[in-house]
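Chains as they are written, first to last, in the UniProt record's numbering: chain S, 1 to 251; chain C, 1 to 251.
Just so you know, the hints here were simulated from the structure itself, not pulled from any lab data.
Ideal Cβ placement from N, Cα and C applies to all residues, glycine included.
Some hints here could point you the wrong way.
What the hints assert, rightly or not - Here are the simulated distance ranges between beta carbons:
hint	chain 1	residue 1	chain 2	residue 2	range
1	C	117	S	106	31 to 37 Å
2	C	184	S	133	46 to 52 Å
3	S	141	C	88	18 to 24 Å
2 protein chains.
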Amino acid sequence: MDWRRWRHAVKLDPARPLDPEVVRGLATTGTDALILGGSDGIRREAVFHLLGAARATGLPVAIEVSSEEAVVPGADWYLIPMVLNTRDPRWLVGAHREAFQNLHRIAPGIPVPWDRVVTVAYVVCNPDATVARVAAAVPPAGPDEVAAWTTVAERLLRADIVYIEYSGRFGDPAWVGAAAGAMRGARLFYGGGIGTAEQAAVMAARAHTVVVGNALYRPGGLECIRATVEGARRVRPGEGGEPIAAGGRLP
Amino acid sequence: MDWRRWRHAVKLDPARPLDPEVVRGLATTGTDALILGGSDGIRREAVFHLLGAARATGLPVAIEVSSEEAVVPGADWYLIPMVLNTRDPRWLVGAHREAFQNLHRIAPGIPVPWDRVVTVAYVVCNPDATVARVAAAVPPAGPDEVAAWTTVAERLLRADIVYIEYSGRFGDPAWVGAAAGAMRGARLFYGGGIGTAEQAAVMAARAHTVVVGNALYRPGGLECIRATVEGARRVRPGEGGEPIAAGGRLP
Chain S
1 MDWRRWRHAV
11 KLDPARPLDP
21 EVVRGLATTG
31 TDALILGGSD
41 GIRREAVFHL
51 LGAARATGLP
61 VAIEVSSEEA
71 VVPGADWYLI
81 PMVLNTRDPR
91 WLVGAHREAF
101 QNLHRIAPGI
111 PVPWDRVVTV
121 AYVVCNPDAT
131 VARVAAAVPP
141 AGPDEVAAWT
151 TVAERLLRAD
161 IVYIEYSGRF
171 GDPAWVGAAA
181 GAMRGARLFY
191 GGGIGTAEQA
201 AVMAARAHTV
211 VVGNALYRPG
221 GLECIRATVE
231 GARRVRPGEG
241 GEPIAAGGRL
251 P
Chain C
1 MDWRRWRHAV
11 KLDPARPLDP
21 EVVRGLATTG
31 TDALILGGSD
41 GIRREAVFHL
51 LGAARATGLP
61 VAIEVSSEEA
71 VVPGADWYLI
81 PMVLNTRDPR
91 WLVGAHREAF
101 QNLHRIAPGI
111 PVPWDRVVTV
121 AYVVCNPDAT
131 VARVAAAVPP
141 AGPDEVAAWT
151 TVAERLLRAD
161 IVYIEYSGRF
171 GDPAWVGAAA
181 GAMRGARLFY
191 GGGIGTAEQA
201 AVMAARAHTV
211 VVGNALYRPG
221 GLECIRATVE
231 GARRVRPGEG
241 GEPIAAGGRL
251 P
């Protein structure tokens with residue numbers, strides 16, 4: 001399924017060990033896609049093996065290219081993150097420039113599959129998350145700031161995806177609603193702290209796509225994923241109060 | 001004339017005094033357009049008056065919105081600069097986010113004319129230029145780095161214009177050629193140190209559009225502009241060695 005139609009995705013961190021049975025079980029949870037990505041300690045070898053396991057589920061697989069080590073052939077999509085609210089331009093475009101300059105070393109002889117490249121503009125909202133520390137994020141002061149970042153992402157950077165990232169805790173629905181209200185054609189992703197059907201429904205009523213990560217790594221992870229899929233499918237984007245543009249414009 | 005077809009443009013700095021006769025005279029130089037913009041000391045009052053004088057020439061007029069003070073209605077285009085090679089994310093997206101958040105104060109009741117907004121990704125190459133100091137630029141180490149920045153601008157930021165900025169001195173044609181070789185559909189602008197027909201021809205053989213600024217402010221400025229227009233029209237983009245994609249994709 002095309003990333004423009006995902007309602008629910010599971011994020012797998014190549015740096016965290018996971019029972020192969022659990023990865024296999026994802027095929028039966030009803031989720032739309034798997035995203036391989038993490039903020040720290042990504043190693044190519046681990047990405048390679050996790051990609052194999054993820055592909056075996058038959059689900060669409062995206063790799064989030066947060067470091068050169070995540071450049072591994074064979075994914076359906078390559079998500080290129082840019083952190084909007086960072087203090088360090090390295091996380092916006094600097095590391096990307098270096099990577100393009102070093103492509104001959106990173107992926108010798110392999111052309112960039114531009115038709116599989118999807119740009120993702122992050123607004124990192126939880127100051128306690130690893131990603132906030134690693135990427136030197138300055139969390140927004142309120143929903144107005146989230147909306148303004150969304151406009152920057154949509155109109156100036158022309159990002160494919162705007163990603164409201166709370167990584168590690170459940171976010172403020174009003175902030176996600178503010179982003180929804182500023183959307184014009186990109187897809188709105190929400191991630192962070194979703195562990196129940198109710199939580200999934202709250203955010204899926206505001207964002208196009210909800211991403212569940214940590215819940216999978218706890219005991220009963222697959223059941224938990226199933227519940228969040230069910231919760232996300234109970235609602236439609238825009239039901240949460242803020243109307244949202246359809247999203248998923250074609251390139 | 002649409003900005004996607006300009007071969008030659010004149011940049012007028014609202015912070016620098018200019019004889020109104022000289023502005024009027026620009027109508028007869030053969031240039032394609034006027035760009036109002038500067039790096040420092042921009043005041044709304046001055047932009048407003050210069051816009052009036054520029055409009056009176058009958059030429060297309062763009063305002064480069066490098067500060068909130070440059071938000072003045074009545075231009076054909078609004079160029080939104082983003083400095084790729086900056087140390088300070090404020091010059092990439094930070095000031096832009098603040099401006100979107102403060103629109104109700106900056107331009108009360110006036111909707112953003114999105115169909116006139118043109119995004120410009122700058123690579124600032126002359127470390128001695130005011131823009132380099134003001135925008136905390138880290139000049140590229142060589143043509144490979146310029147090419148990689150161009151790819152970031154084209155593929156990740158989807159900028160309308162990639163602008164190789166030498167402001168104040170004539171640049172290295174090889175660096176502009178490196179940018180040209182990496183173009184895919186955006187327009188390549190070159191600015192800096194063009195004062196003769198020959199200099200204009202060298203850069204117009206590599207970039208889609210050459211921008212002439214300082215030359216206008218010297219004695220005999222209008223004759224000098226005429227010479228650079230003639231030089232730019234002698235050649236075609238791509239004749240300088242590096243082939244270049246046509247540029248000017250429609251939104």
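Checked hints:
In this structure, residue 117(C) and residue 106(S) meet the distance hint of 31 to 37 Å, their C-beta atoms being roughly 34 Å apart. In this structure, residue 184(C) and residue 133(S) break the distance hint of 46 to 52 Å, their C-beta atoms being roughly 35 Å apart. About 19 Å separates the C-beta atoms of residue 141(S) and residue 88(C), a value consistent with the hinted range of 18 to 24 Å.
In the structure shown, a violation is registered for the earlier hint numbered 2 alone.
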